[in-house]
Every structure is written in C-alpha cells, then in structure tokens.
Amino acid sequence: MTNWHDFVGRKGTTPSWPYPVDYDKENEIETDVLIIGGGIAGCWAAISAARKGVRVALVEKGDTVRSGAGGPGCDHWGQCPANPHSKVDPDEWAKIIAEHPGTMAEIPKDTPEVSYGNGIGSQIQCRESYDTLLEMEQMGGQIRDINDEYLGAEGRYDDTKFMISPRTSPDHANEIVIRIWGTTFKPALKKECQRLGVQIFDRVMVTSLLTEDGRQGARVVGATGFNNRTGEFIIFKSKAAVLAAAGDFYMWMLNTEHAGCRQFRSRNATGDGLAMAWKAGAELVLMEKTTPLLLGTGYRHNWYGGAGDASYENLQLVDANGRKLPWPTQGWADGGAMFPPPDVLESIRRGIFNGKWALPFYGDFPGMPDIERRVTWDLMLGQESTTKIITSTYERAGFDPGRHLLQNYTFIEGETHSQWRTARGGGPVVDWNLKTTLDGLYAAGEQLFSFGDHSFAAATGRYAGRKAACYSTRVGESGICREQVDQEKKRIYAPVKRTGGIEWKELNAGIARTMQYFCSEYKTELLFNMGLDTLKEIEEVFVPRLYALDPHKLMRSIEDLSMLTHAQMVLHASLARRASSRPLNFYRIDYPEIDPPEWSKFVTIKLENGQIKTGDLPLRYWGDMKANYEAHNRDYAGVYKAK
Amino acid sequence: MTQKKLNALPNLTTPNRQAVFNPEICIGCNRCVEVCQVDVYIPNPVKGDPPIILHPDECWYCGCCVLDCPCPGAINFNWPLQQRGSWKDKVTGRVHRDNIAFL
Numbered sequence: 013m014t015n016w017h018d019f020v021g022r023k024g025t026t027p028s029w030p031y032p033v034d035y036d037k038e039n040e041i042e043t044d045v046l047i048i049g050g051g052i053a054g055c056w057a058a059i060s061a062a063r064k065g066v067r068v069a070l071v072e073k074g075d076t077v078r079s080g081a082g083g084p085g086c087d088h089w090g091q092c093p094a095n096p097h098s099k100v101d102p103d104e105w106a107k108i109i110a111e112h113p114g115t116m117a118e119i120p121k122d123t124p125e126v127s128y129g130n131g132i133g134s135q136i137q138c139r140e141s142y143d144t145l146l147e148m149e150q151m152g153g154q155i156r157d158i159n160d161e162y163l164g165a166e167g168r169y170d171d172t173k174f175m176i177s178p179r180t181s182p183d184h185a186n187e188i189v190i191r192i193w194g195t196t197f198k199p200a201l202k203k204e205c206q207r208l209g210v211q212i213f214d215r216v217m218v219t220s221l222l223t224e225d226g227r228q229g230a231r232v233v234g235a236t237g238f239n240n241r242t243g244e245f246i247i248f249k250s251k252a253a254v255l256a257a258a259g260d261f262y263m264w265m266l267n268t269e270h271a272g273c274r275q276f277r278s279r280n281a282t283g284d285g286l287a288m289a290w291k292a293g294a295e296l297v298l299m300e301k302t303t304p305l306l307l308g309t310g311y312r313h314n315w316y317g318g319a320g321d322a323s324y325e326n327l328q329l330v331d332a333n334g335r336k337l338p339w340p341t342q343g344w345a346d347g348g349a350m351f352p353p354p355d356v357l358e359s360i361r362r363g364i365f366n367g368k369w370a371l372p373f374y375g376d377f378p379g380m381p382d383i384e385r386r387v388t389w390d391l392m393l394g395q396e397s398t399t400k401i402i403t404s405t406y407e408r409a410g411f412d413p414g415r416h417l418l419q420n421y422t423f424i425e426g427e428t429h430s431q432w433r434t435a436r437g438g439g440p441v442v443d444w445n446l447k448t449t450l451d452g453l454y455a456a457g458e459q460l461f462s463f464g465d466h467s468f469a470a471a472t473g474r475y476a477g478r479k480a481a482c483y484s485t486r487v488g489e490s491g492i493c494r495e496q497v498d499q500e501k502k503r504i505y506a507p508v509k510r511t512g513g514i515e516w517k518e519l520n521a522g523i524a525r526t527m528q529y530f531c532s533e534y535k536t537e538l539l540f541n542m543g544l545d546t547l548k549e550i551e552e553v554f555v556p557r558l559y560a561l562d563p564h565k566l567m568r569s570i571e572d573l574s575m576l577t578h579a580q581m582v583l584h585a586s587l588a589r590r591a592s593s594r595p596l597n598f599y600r601i602d603y604p605e606i607d608p609p610e611w612s613k614f615v616t617i618k619l620e621n622g623q624i625k626t627g628d629l630p631l632r633y634w635g636d637m638k639a640n641y642e643a644h645n646r647d648y649a650g651v652y653k654a655k
Numbered sequence: 372m373t374q375k376k377l378n379a380l381p382n383l384t385t386p387n388r389q390a391v392f393n394p395e396i397c398i399g400c401n402r403c404v405e406v407c408q409v410d411v412y413i414p415n416p417v418k419g420d421p422p423i424i425l426h427p428d429e430c431w432y433c434g435c436c437v438l439d440c441p442c443p444g445a446i447n448f449n450w451p452l453q454q455r456g457s458w459k460d461k462v463t464g465r466v467h468r469d470n471i472a473f474l
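Protein chains in written order, with our numbering: chain P, 13 to 655; chain Z, 372 to 474.
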C-alpha cells in the first residue's frame, strides 16, 4: 500500500486526518526576534540573533531540517572572495558583482550604465561569506575534502583541502567559488538553532505582520500564523522580525501535476513574505522584474535531469555521432559558462537542420579525466540542490559515468513558453542594516531585491539576524492591536468555514492564467489594467468562495491569496515603469525605448492608508559600498568563537 | 470476470506514486513524513506501517524522503515515466533507458 487510492481500495474507507485539528485554538508566543522562514537565510538569522543573547523564535512552513531551496543540498559556495585562495579583493569584487547580478560565468569588468543589482547584499556577501562558511564548518557542515577523496582535482588545494570551482573563474583568474558538501548543511543548522535555544515552530505558515496600533507603515511588533497540520492559530509578539521567506515561483504556473513542480523551489515558495510586507506598508522595489520560468521535471528535463544543465562542470557535450559541440564545458576554460553565445547557439541550431550535428546530444563523461569525472558526478551532482536523487536513480538503473554518455535534452525538449515566468528579483527597500522601511522589520536571502545564491542567503541572513537582535535590545515592548489580529483570523479561517466553492488548485490556475495573458512578454498599459481588473474580479467573486477541507489545503489556499496580492503588486509596479529595460527583462510595447536615461532608476511601490503610492530611488542608492559597510559594522567580530 | 466490490474513485493525480515503499524494510518511523517540506506523506493509521502518499502532485522531487531514510531500500524513488533518463554506451553505441519498474 502506498497511495491514498490504495488505502481506500483496501479499507473501503478514507484515512482520517492524522493530526488533531483545532482551528480556533489561539497560542501566544513572546520573543525578542522573530524569524519568518526557516530556510538558509532564516536559520542563519536565527543563529546569529541567538548568539547575541536574545530570545529567538523561528517559524517555518515545512520542517527546518530539510526545508527551503537549500534544504536538500548545495554544491557551490558562491561569491566568496575572502577565501584564502581568492585572487581578488572582496570590496572590489563586491562592486563588480553588484553591477552584474546573477552572472555564473566570466564577469565583465566594465561598469554598465544601467544595473539593478543589490550593492548592500553584494558587499555583505563578499565581506562575510567566508566567515559564514567557517562557522558552517564549526557546526558540522563539510566544506573541505577532509577525506582526501579528490586528490589531484584541478582547483583542489592540498594545504587547506578547499576545492575551488571554475565558476566565474576562467583560467583560475579569480577563484572565489568553493565546492561544498551542502547536503550536510541544513540538518547542522537546525541542530545549532536547537542548541542555542531558538524556539522552532515547524509546519507553521506566517500569514501577516502585526504593526503598532494596527497602522499601515508603523513599526512591526509581531506576526500571525497557523499550523498547517493542526490549524491552530499563533500570535507572535516580537521586538524585531526578519523576513526570510521564499520568493514567488508559482504565479504564472497553471498546475503542479504532471511532475512539473520543480524549478529549484517547492510549491511552498509562494511569496508570502513580500505580500505581508506590502500589506504592512513596506516600500518595495523591482517588483516589475520577471524572468522566464526554468521548469524542471515533467515539462522539461532542465534543470539537472540531463547532461549539460548546471553543475555538470568540465563536461564536454558531443552530438549523436560523438563529435564535440562548440558548447562551453562549464570548466576552467570558460569560467563555468553554461550556454554558448547567441550566435554560436544559432549556428548549432542551423547545423542540426543541415546535417552537421546529429541529435540527441550527450555529455561525454567517459572522455573526462577520472578525477574530474568523480568531482562532477559524485561531488557536484551528489551535493547540489536536489540532484543526489537523480544521480542515484541513474546509477540504480545501470548508468556508469566511466562508460556511458549521458543524454542531453537541449532542443528536443522544446522551450518553456515565453508567457510562463517567475517574479524574480523584487523586494523591500533596505538600508545598510538590512532594515526595510518599516521599523522592526529586516529582510534577508530571497526576500532581498536582486537576491543571490545559497551563500548570499546565508551571509545576509547572518547579518540581518545580528542587526535585528541589536535593535531588539534597544526598543521596549509594544502591544499588539487585537482588532488587527481578529481581522486576520477571520481572513485565514474563512476557507475552512465553507463546504464547497472553488479550491486552491483552481484559484492558483486562475491567477496564473491572468498573469500569462496580461503580464507576459507582451506588455502594454491596456493589458496591465485588464490584468488588474481580472484579479479584482477573482478577489471579489471567487475568493469569497474559496474553500479548504483540511489545514494543509488551507495553507495552499492562503498561499494563493499571497500570490493574488503579489500578482497585483507586479502589475502596479509594471504600470509605474513607463519604459522598457533590458536588465529588467521588461519590454513595453507602448514604451519601446530601451533604458532611456530618465528611467534608469528603481521604481518603488507601497501602500499608504490602503492607497498605492509609487516613487523612485536612484540606482546605487547605497552609496560607497566599502565605506558604508565599514561605518555600519565597526563592532563586527568576524568568525564566531564559542563561549 | 465479476468483481465483488468496486469502489467509485476519482481519477488519480499524475504522477501519483513518486515513491514506492518496501513494507518488508520500512519500519514506519515516519522520518520521511518529517523531512518532506511539502507534506506529501501522512503517517499510516496502522502504527509501524509505511506512510500514505497523500499529496503526490505537490512533490518537488528533492529526494529527501529517500536520502534521509534510516532503512536503506525502504523507499524507492519512482520517477514518472515521462521523466526517465537515457544514456548511451560509448563503446558499443547501445542506448539504455531507466526502465526499473517497482510495481
């Protein structure tokens, strides 16, 4: 017996809900620092706050042990220029990556006129990611080749046993990315949280922020949440809160079935954090930025299911006749580049049709030196994100990287529809303390605009945690507004009070379709307004009919409401940017000029007394990165020394 | 063939069996229930029996249920058919596919 149908078939009855259900039960928790989200950023925030000696509560929708995008694993500790083998200056490197956000391969040295990176986050990552990594090791995470499994691998240093990756380091020019054993990290982080006395609330979804006197734009004094197994309501009272929840990866996606549910993120990543920050009155930037959806299993093999996806370092792609393709190997020669330049890609496409290249393509594992093959297959793919289960599945079925060419699915799997996107890159305006525009509210990891990778989440989480802890020692208690709590309770439990209507999957699909039609690669004011009208109709007609049969489906239903809010934020921000922009992947048909100088700025949106206010912020509003970092961190103590 | 009793059931979600339990090895410790971040599983009402897959459509294929299982072989990951991988022997040119079926 394995699935629900089997159970019903055998027993002739459905299984009972396995957890006690008590929707109306209210619990009140008082803490100094509240961490919203228990992924990489959240765990690090909790640990660094707790090390400051304050009370910390951590709230996580799943179970902290493996939750979040980085829960299953990670193979690269990116942007770590303070490591002993680095050939670049951390402050100089921070400036470069702030201008070229998201680059995985060789980073151009020039400074573009328009760039929407995050200078504050980049500076923190470059200065502190190495200290963060050493603390990870203290907690039991493996960061070096301590068992000498990969002696002789290119980039391995015998003195430190660090293994440097070719990412962003063509011909060893920079050496700032470290290969890691990331499957060991998350359980170690949870253990350290427990050791430090962090109160962990697993399986609890935070639904709203509580503000002083219930006023929009006032100091954040707590949050509300409910347990997604028991339905119990929790009121958190806090002096400071760190927003460390996930981005929104399902706003354009119609369905989680057919195994389409993988894009580095689980369905838990529905942007709840940004939706609650918006409703509390925080000012947000870059909400108009979206990127094409990188779908995983089901619709496509990307990412990781076939040779040539991310993490296949130093792997040569060949065609069906064994001829080497002019494709980067993600190795030392190309600095980890994953795709050829557009003109080369186009020539390969033409070559397929004129007989030069035969499909399908393969990854030539047998052609690699033995040591590099083991590094890529066993270490990189064995440790990255969710790839261990993929490599073990291949091995179980008989795949041997020493003898077999692994199929690649480029071209034959087709491309993701251009209308299918993710909201990626928006977040609250933050200052040098990673504080948002609301007192008492900090942000880290994926909640920061132009967020980075695992080490970015860890370093910014660690930073936000200590800043929030410091703030919490300086402010007094603040009462919560009962009326605000009651309103939220009413909103949260409405779907379980109904016995029929529309369920979460259909609502998710309705929101997704609206965004596909009205906020896709075809952008005009008319389409944006039609999108807002459609969402308003969904809100007024269908949301009052939303129903949930159990606490789990209630969580998915409330996530839909986060997505609905998030979708409205994206459309409002899109309306506010009346220009096209290449770095934002934002092309308006009614304003075709690309990156006109007067629009080279951040567009901001926020709610004030329930009304939408738009504004702007200059690019690089953070000023001199090195000077400001140092001015705000005179007391920074470096790597934690256990007391 | 006449079947004695037939339940009326809706169509299954697809996929619906991304993991297959081996009841001989599984001790019903529910470790997989805990590590799953989306709550694909619920504990079996019969103590000691393998968990029930309740939300297979929410699986994001992270594999933690299998990799963190204390009893190797108790859970086998069962990739959806359309997702099975393929490879080729470099010497013989023979093409292979992941055709392991657990049911």
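Calculated directly from the structure, the hints in this document are not laboratory data. This one's a predicted model, so the numbers in the text were calculated from it and none came from an experiment. The C-beta atom is built at its ideal place from N, Cα and C for all residues, glycine as well. Hints are not guaranteed to be accurate.
Derived CB-CB ranges, DEER-like [stated by the list, open to error]:
#, chain 1, residue 1, chain 2, residue 2, range
1, Z, 396, P, 635, 34 to 40 Å
2, Z, 468, P, 606, 53 to 59 Å
3, Z, 452, P, 363, 45 to 51 Å
4, Z, 400, P, 562, 22 to 28 Å
5, Z, 382, P, 65, 35 to 41 Å
6, Z, 462, P, 649, 54 to 60 Å
The calculated DSSO-like cross-link candidates involving lysine-lysine, where the alpha carbons are at most 27 Å apart (straight line), are [to be verified]:
#, chain 1, residue 1, chain 2, residue 2
7, P, 368, Z, 418
8, Z, 461, P, 336
9, P, 291, P, 336
10, P, 23, Z, 375
11, P, 502, P, 121
12, P, 23, P, 64
13, Z, 459, P, 368
14, Z, 461, P, 23
15, P, 173, P, 653
16, P, 291, P, 565
17, P, 368, P, 37
18, P, 502, P, 548
19, Z, 418, P, 23
20, P, 565, P, 502
21, P, 565, Z, 461
22, P, 509, P, 565
23, P, 565, P, 501
24, P, 336, Z, 376
We went through each hint and held it up to the structure:
no., hint, in the structure
1, 396(Z) <-> 635(P): 34 to 40 Å, "60 Å, violated"
2, 468(Z) <-> 606(P): 53 to 59 Å, "46 Å, violated"
3, 452(Z) <-> 363(P): 45 to 51 Å, "31 Å, violated"
4, 400(Z) <-> 562(P): 22 to 28 Å, "24 Å, holds"
5, 382(Z) <-> 65(P): 35 to 41 Å, "56 Å, violated"
6, 462(Z) <-> 649(P): 54 to 60 Å, "58 Å, holds"
7, 368(P) <-> 418(Z), "61 Å, violated"
8, 461(Z) <-> 336(P), "14 Å, holds"
9, 291(P) <-> 336(P), "54 Å, violated"
10, 23(P) <-> 375(Z), "14 Å, holds"
11, 502(P) <-> 121(P), "54 Å, violated"
12, 23(P) <-> 64(P), "54 Å, violated"
13, 459(Z) <-> 368(P), "20 Å, holds"
14, 461(Z) <-> 23(P), "50 Å, violated"
15, 173(P) <-> 653(P), "22 Å, holds"
16, 291(P) <-> 565(P), "23 Å, holds"
17, 368(P) <-> 37(P), "68 Å, violated"
18, 502(P) <-> 548(P), "20 Å, holds"
19, 418(Z) <-> 23(P), "15 Å, holds"
20, 565(P) <-> 502(P), "17 Å, holds"
21, 565(P) <-> 461(Z), "48 Å, violated"
22, 509(P) <-> 565(P), "13 Å, holds"
23, 565(P) <-> 501(P), "16 Å, holds"
24, 336(P) <-> 376(Z), "60 Å, violated"
Violated hints, in rising order: 1, 2, 3, 5, 7, 9, 11, 12, 14, 17, 21 and 24; the structure is consistent with all others.
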